[in-house]
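One line per chain: the protein sequences are A and B, in this order.
Under my numbering, the residue at position 110 of the first sequence is numbered 340, and the numbers go up by one with no gaps.
Under my numbering, the residue at position 160 of the second sequence is numbered 175, and the numbers go up by one with no gaps.
It cannot be assumed that every hint is accurate.
What the hints assert, rightly or not - Straight-line distance between alpha carbons at most 35 Å, and here's what the computed DSBU-like set of lysine-lysine pairs gives:
hint, chain 1, residue 1, chain 2, residue 2
1, B, K174, B, K231
2, B, K162, A, K300
3, B, K162, B, K59
4, A, K300, B, K28
Keep in mind that the hints were calculated from the coordinates and are not lab data.
So you can see what is in the structure, the chains are spelled out below.
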Amino acid sequence: MANETLAGFLAHSIELESEARERYTELADAMTGHHNRDVAAFFLRMAEEARHHLAEVAQLAQGMLLPQLKAWEFDWPEAEPPETASYEDMHYRMSLRQAMTLALANERAAESYYRNVATSSDDQDTARIAGVFADEELSHAAELERLLAQLPENPLHQLEEDDDPHMPE
Amino acid sequence: MNNAVQLKAKDYKSAVKPIWCPGCGHFSVFNAITKAMAALAISKDDTVMISGIGCSSRLPAYVDSYGFHGVHGRGLAIAQGLKVARPDLTVMAMGGDGDGFSIGGNHFIHACRRNVNMTYIAMDNEVYGMTKGQASPTTPMDWDHSKLTPHGPGVRPFKPAALALASGAPWIGRAYSGNPNQMAKLIAQAVEFEGFSFLHVMSQCITFCPEQTDWKAIVHERGEPALTDADEAAKLFLHEDGFQTGLLYSERRATWPPESAVPQSEDALGQLAASFRV
Ligand SMILES: Cc1ncc(C[n+]2csc(CCOP(=O)(O)OP(=O)(O)O)c2C)c(N)n1
Ligand code: SF4
Ligand SMILES: [Mg+2]
Numbered sequence: 231m232a233n234e235t236l237a238g239f240l241a242h243s244i245e246l247e248s249e250a251r252e253r254y255t256e257l258a259d260a261m262t263g264h265h266n267r268d269v270a271a272f273f274l275r276m277a278e279e280a281r282h283h284l285a286e287v288a289q290l291a292q293g294m295l296l297p298q299l300k301a302w303e304f305d306w307p308e309a310e311p312p313e314t315a316s317y318e319d320m321h322y323r324m325s326l327r328q329a330m331t332l333a334l335a336n337e338r339a340a341e342s343y344y345r346n347v348a349t350s351s352d353d354q355d356t357a358r359i360a361g362v363f364a365d366e367e368l369s370h371a372a373e374l375e376r377l378l379a380q381l382p383e384n385p386l387h388q389l390e391e392d393d394d395p396h397m398p399e
Numbered sequence: 016m017n018n019a020v021q022l023k024a025k026d027y028k029s030a031v032k033p034i035w036c037p038g039c040g041h042f043s044v045f046n047a048i049t050k051a052m053a054a055l056a057i058s059k060d061d062t063v064m065i066s067g068i069g070c071s072s073r074l075p076a077y078v079d080s081y082g083f084h085g086v087h088g089r090g091l092a093i094a095q096g097l098k099v100a101r102p103d104l105t106v107m108a109m110g111g112d113g114d115g116f117s118i119g120g121n122h123f124i125h126a127c128r129r130n131v132n133m134t135y136i137a138m139d140n141e142v143y144g145m146t147k148g149q150a151s152p153t154t155p156m157d158w159d160h161s162k163l164t165p166h167g168p169g170v171r172p173f174k175p176a177a178l179a180l181a182s183g184a185p186w187i188g189r190a191y192s193g194n195p196n197q198m199a200k201l202i203a204q205a206v207e208f209e210g211f212s213f214l215h216v217m218s219q220c221i222t223f224c225p226e227q228t229d230w231k232a233i234v235h236e237r238g239e240p241a242l243t244d245a246d247e248a249a250k251l252f253l254h255e256d257g258f259q260t261g262l263l264y265s266e267r268r269a270t271w272p273p274e275s276a277v278p279q280s281e282d283a284l285g286q287l288a289a290s291f292r293v
């Protein structure tokens with residue numbers, strides 16, 4: 231019989247990575263539309279990383295029968311999967327530093343999610359694979375920290391009054 | 016489920032990319048709709064999205080189904096007409112608080128009263144987003160961010176759920192843009208309900224009402240079964256804080272038009288048309 235715990239965990243991992251990819255892609259498109267090119271390029275890069283990780287998880291899950299869950303049937307610590315960027319944190323004039331800081335928080339949330347599964351699962355395979363995923367997220371976070379440290383100081387955009395968004399009728 | 020291949024939420028997105036501001040709550044409604052469509056395995060060819068005008072009303076263009084971007088405040092009139100003419104279709108109407116409660120307010124209360132079997136999603140950001148931030152009927156009294164109302168609108172905002180209930184809506188739910196997955200579930204329930212289902216979505220306008228990011232800390236799920244008694248629902252909607260989400264009220268009621276009013280044959284329609292000929 232198939233390992234249900236592992237199948238359930240992989241279904242969650244696939245959803246986590248595909249939601250992260252979808253959201254970053256959506257945000258990159260929206261930032262492009264609002265001429266925030268640096269942040270758009272950065273979000274696209276994050277989407278690509280999520281796509282890469284998604285492909286890895288899908289590879290692992292190949293041949294397994296995964297549970298088909300509806301969007302609201304997944305079990306997340308918060309309303310949305312850990313790596314998905316929150317709408318509340320966005321602004322079309324956000325700086326690259328702000329975008330990277332948010333992405334770093336998302337990577338850490340994903341790491342914490344996977345680490346929690348790794349330490350709490352009774353299933354050996356699930357715990358082992360979750361540990362590998364957690365380490366991967368940790369390395370993404372470290373890379374973002376390195377990029378953040380290289381950014382010039384204080385590049386925060388100043389929000390100006392009357393600087394309305396691009397919103398054709 | 017009749018689709019040979021199970022579609023995913025992203026398969027219900029069209030090739031048109033949204034031009035909403037990054038972080039706009041309307042993205043979340045869009046994602047929730049496509050997730051609900053995927054969960055219900057809805058056929059794209061039998062589904063129609065109909066809207067009025069506003070940032071929110073752009074939504075039909077982004078869904079890969081049939082759609083109609085209508086006239087300001089008139090989405091519900093068009094949607095009800097279509098559903099009555101083509102009861103086989105799944106009809107969803109959507110729009111903003113300005114579209115639905117200002118210029119379209121009359122259509123809204125009569126749609127609640129009429130109870131055509133369709134879903135209406137009000138994407139409420141308490142502001143006219145598209146025209147750059149003026150007060151709407153749901154704007155707080157003291158919201159003073161617009162130069163048109165520098166001391167705030169000074170009038171009490173509508174309570175959309177109470178208004179819907181008083182007008183006869185048989186299904187009332189509330190969702191929040193910060194929780195698209197719960198919203199998707201509510202949309203799926205709304206679509207499956209036999210009658211007029213009204214989903215009030217608190218959908219932040221990050222650009223003109225950045226203070227709405229505070230909603231995240233205030234919103235709370237009701238977590239109890241939907242009320243089925245209009246008296247109890249009235250008490251709830253008049254006294255609640257307006258921030259509880261979930262399916263709040265649901266009661267079965269006869270839909271419109273009644274079976275007896277529906278022409279039973281092509282011929283009946285022909286005879287009706289002939290009676291108007293001069
Ligand atoms: C007949 C008519 N009157 C006024 C307008 C201008 N107008 C365009 S959108 C809008 C309000 C939009 O607000 P809302 O419906 O809340 O949508 P949002 O942009 O906030 O999503 C108004 C008044 C119009 N397009 N047509
Ligand atoms: S102006 Fe407001 S409602 Fe319109 S797209 Fe921007 S955030 Fe959304
Ligand atoms: Mg509005």
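Is it true that the CA of K162 (chain B) sits at most 35 Å from the CA of K59 (chain B)?
-> This hinted pair is violated, its Cα atoms lying about 43 Å apart.
Is K300 (chain A) within 35 Å of K28 (chain B), Cα to Cα?
-> Holds. K300 (chain A) to K28 (chain B) sits at ~17 Å (cutoff 35 Å).
For the pair we were handed, K174 (chain B) and K231 (chain B), check the Cα-Cα distance against 35 Å.
-> With a Cα-Cα distance of about 20 Å, the restraint between K174 (chain B) and K231 (chain B) holds, given a limit of 35 Å.
K162 (chain B) paired with K300 (chain A) [C-alpha distance capped at 35 Å] | With Cα atoms ~45 Å apart, K162 (chain B) and K300 (chain A) exceed 35 Å; violated.
Going down the numbered hints, you'll see the structure goes against 2, 3, while the others check out.
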